[in-house]
Amino acid sequence: MLSAAVRSTTRLLRLCQNARCFQSAAATSSTVNAAEIAHFSRLSSLWWDEQGEFSLLHRMNPVRVSYIREKLLEATCEDQGEDVMRELESKCAVLTGMDVLDVGCGGGLLSESLARLGARTLGIDASESNIGIASAHASGDPQLSSSGNSLEYRHTSAEQLVKEPKRFDVVCSMEVIEHVDNPLAFLSACAQLVKPGGHLFLSTIARTPLSYALTILAAEHILQKVAVGTHTYSKFINPSELISFFQTYRSSPSSFSIPTDSGHIGSDASRRPWITRTYAHGLPTRSEAEVRGIVYLPLSGEWKLMSRASTLWGAVECNYLFWVRRPLDS
Amino acid sequence: MTFFTTPRPLARLGCRRRLFLRSFSSERARDNDIVIVGGGPAGLALAAALASNPIAKNSLKITLVEGGDLSKIQDWGMPPNAYSNRVSSITDTSQHFLNRIGIWDYVEHARTNPIHQMQVWDGISGARITFDASEMPESSEMARMTENLNLQRALLRKLSDTPSVHVIQSVKVESIQREAVGRNDWPLVHLSNGAILRARLLVGADGFNSPVRSFAGISSYGWSYDTQAVVATLNHAPRGPFQAPNNTAYQRFLPTGPIAFLPLSPCTSSLVWSTKPHLAAALNKSSPGVLEQLINAAFRLPEPSLQYIYSRLLEGAMSSDEIKQEIMFRERSDGISSHSAYASATSILLEGGIPPDDADALPPLVTSIQQGTIASFPLRYNHAESYLGEGAGNRTVLVGDAAHTVHPLAGQGLNLGLGDVDALSRCIIQALTHGGDIGSYTALMPYTRERYFENHKVMSAIDKLHKIYSSTTQPVVWARSVGLEVVNELDSVKAALMMNAGASSRLQNVSGWDLFAKGVENLVGAAGTSKMVGGMVSAGIQELVKQAGLRISGRH
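Here the protein sequences come in this chain order: A and B.
Every letter in the first sequence is one number past the one before it in full-length UniProt numbering, and letter 64, counting from 1, is 64.
Every letter in the second sequence is one number past the one before it in full-length UniProt numbering, and letter 154, counting from 1, is 154.
You may find that some hints are simply not true.
[To be verified] In silico negatives: residues of chain A with every beta carbon more than 10 Å from chain B:
(1) ASP99
(2) LEU114
(3) SER244
(4) ARG272
(5) HIS281
[Said to hold, decoys possible] Footprint (simulated), chain B over chain A, 3 or more residues, beta carbon under 8 Å:
(6) 51–61
(7) 80–92
(8) 115–121
These are computed hints drawn from the structure, not numbers from a lab.
The beta-carbon is built from N, C-alpha and C at its ideal position, and this holds for glycine as well.
Isolated chain A, as found in the complex (with noise of 0.2 Å):
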């Protein structure tokens, strides 16, 4: 046991590494890294080897799944009252019948979780191989594969999906945005695939000294456990930055119109930003958007997810999770 604890301690920073790059790139035609991809594929026979390469992505879907649970009842609750929510949350209901799309949905690890919690999901990602492995896996199981259609695979990217009329409840996009070339582009392709009213969830890495050292000095240069340049820093996006582009972001009037190549489409002022108000240090409130800091604990190997009170210091500085909601009327 002691030795497992050290172990995975040791092979922190590099998993950390490993994992978040394989989550490969998925974003618009123009925005997919061809060097990215290739680098990934090579890799992602290990995907599903959870004490390899890849445990701490393993270890971190959990936390996902739970953020995810935790602002879709809220959602529930306030939409639809309180008995509502208590309802599907004894039932363990909440995503049960919605229409999930997963952008980047690597070896399946989120997507799968996401299809036994009842939702109609749809794993996509650029990288072709990413795609059979994830495929293959779910057929392996029975719950998966014989609930009809409620898990999907696809090999496409965000931005050619738009170009179809099918819009989802609920967009995740975990550990992507800081792999691909245009993230404005990708960030608003992400968003029209939003239902009114849906959920667009993310999570990336901050750019701060730590993430820095953390993520690239150590892992890279001086462990040299993961592969120099699986990381560029200057593509790590803070949490401020998202937030600032919801506040000008407006949902284009047809819903599955052809995007721009420019990264504001639809700025029709009659429609209302996904953010309206930020608090004086620049939070947005609560039923709009939130950020909240994922942390690795090596000493218990579990990834905590920190509470709303400690995103100003510290608990952003590195991994984070970032969910926003479509306005209803919008």
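Chain A is fixed; fit chain B onto it per the hints.
Relative to chain A, chain B alone:
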């Protein structure tokens, strides 16, 4: 790439490939979420715990496989005053758990007996510690003596009302293999009736020689104590009107092993006597009327007298009268008055009257032994290296005796198993609410994190207890006795120990027995301090303690 330079995954892959070659088609296999191998208390309790949760009940397909005939246990019954010889003390924590999963109502309460007090004393020095439930906050009883069959029957009755759990009995597990390539290499359990069960999660609740543990390639470490436990159900007179009722457990630590007296009803109690194998064999085959006298003597006579009687016993079978003469002789030569509670052969206590002052310090005198209840079994210490299978053994988890076997001197085996089941069922339900794959290592990791060190702590405390009380070396006896007496006399220290345990009891599995374990840790500490004291008094004693320490640690 980094992972190619890591030897572990490669070794594991190679191992898995070999298994693939041996495994065969899984087309006939029936899919299950959980296959539990073993229908003992731990396996049954896991099935019941999961079935009691609405989320798990609606989403999990559970099959339990048992080689034995469970219907016999389900229909088990005994006359009111006859008791099975396998009993366990169900701690408060375990009882709460059984209550929560709806089992406790199925237990026949009239056949259980609460323990309000425990008296433990040193076989050589007589130093004594008393744990009383009234000193513990939030609890009226320390534990409840329950026949294992009573609990197992309750679990089976509950499960027979639970259609969501499929119980297969009188069918053996012939082999466990891993699925062929192309699928997700789940375990396939081949049964003697030809059926094949495909398991998302395979639970080994299959006891000390766990086939699931060998399939998962989990090694375990441990040893056999040079000790056998002799068990029997004892009849005795009820406690007199001036005495406390029969709710006190007694345990005397003899150098050959502890002897315990566990109350089952006003006039029946259970014996667990751990002793050297040759002595256990002699006790086991001693003629009627002999064993009860030996039991009475073992709780009462000084250690040298006991040694003498054992040597006589080992020389050849003795009749009931011969043994009585020997014990009477030793009682006279040890100066034990016939009015004393320490007298057995010469005692006049059975004739009634006012009991002596020290009557509550000893168990009642045994008058006879229930027929067919004398049995003995070897004692072991064994702990699996891990509770979760990895690599070629993944999707397996161990609970109960398959994961750990302990010396029964603290009656903890069953409670540790129920603690495992509680943790594992919570872990599985947690994974379900997060959409996790309940067979995955990630989903099960919280279980092993919660239980491994917890179990290890209790197990090593019990082991240390066994070792420290096996010694007859004077400084060790002195140190352990002083430690015990001091803790017993300093009410504030004892209360602090208990408060500490009580305060955290909601969060952790702390019970009276845990207190006991803490007491033992203190004793072990005291043995350590005796080195210091020895240094102050004389270098000679220090040397003795060192040697004693070496001898203790070198024994195993």
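Hints, verified against the model:
1. Even its closest Cβ contact with chain B, about 16 Å, leaves ASP99 of chain A beyond 10 Å, as expected for a residue assigned away from the interface.
2. Not every Cβ of chain B is farther than 10 Å from the Cβ of LEU114 of chain A; the closest lies at roughly 6 Å, contradicting the non-interface assignment.
3. Every beta carbon of chain B lies more than 10 Å from that of SER244 of chain A, the smallest distance being close to 32 Å; the non-interface claim holds.
4. Listed as a non-interface residue, ARG272 of chain A keeps its Cβ farther than 10 Å from every Cβ of chain B; the least gap is roughly 33 Å.
5. HIS281 of chain A, annotated as away from the interface, keeps every beta carbon of chain B farther than 10 Å; the closest lies near 32 Å.
6. Check result for the segment 51–61 of chain A against chain B: holds, 7 residues qualifying (beta carbon to beta carbon below 8 Å, three or more required).
7. By the rule of at least three residues with a Cβ nearer than 8 Å to a Cβ of chain B, the coverage given for the segment 80–92 of chain A holds, with 3 such residues.
8. Here the segment 115–121 of chain A counts 3 residues with a CB under 8 Å from a CB of chain B, which clears the bar of 3, and the coverage holds.
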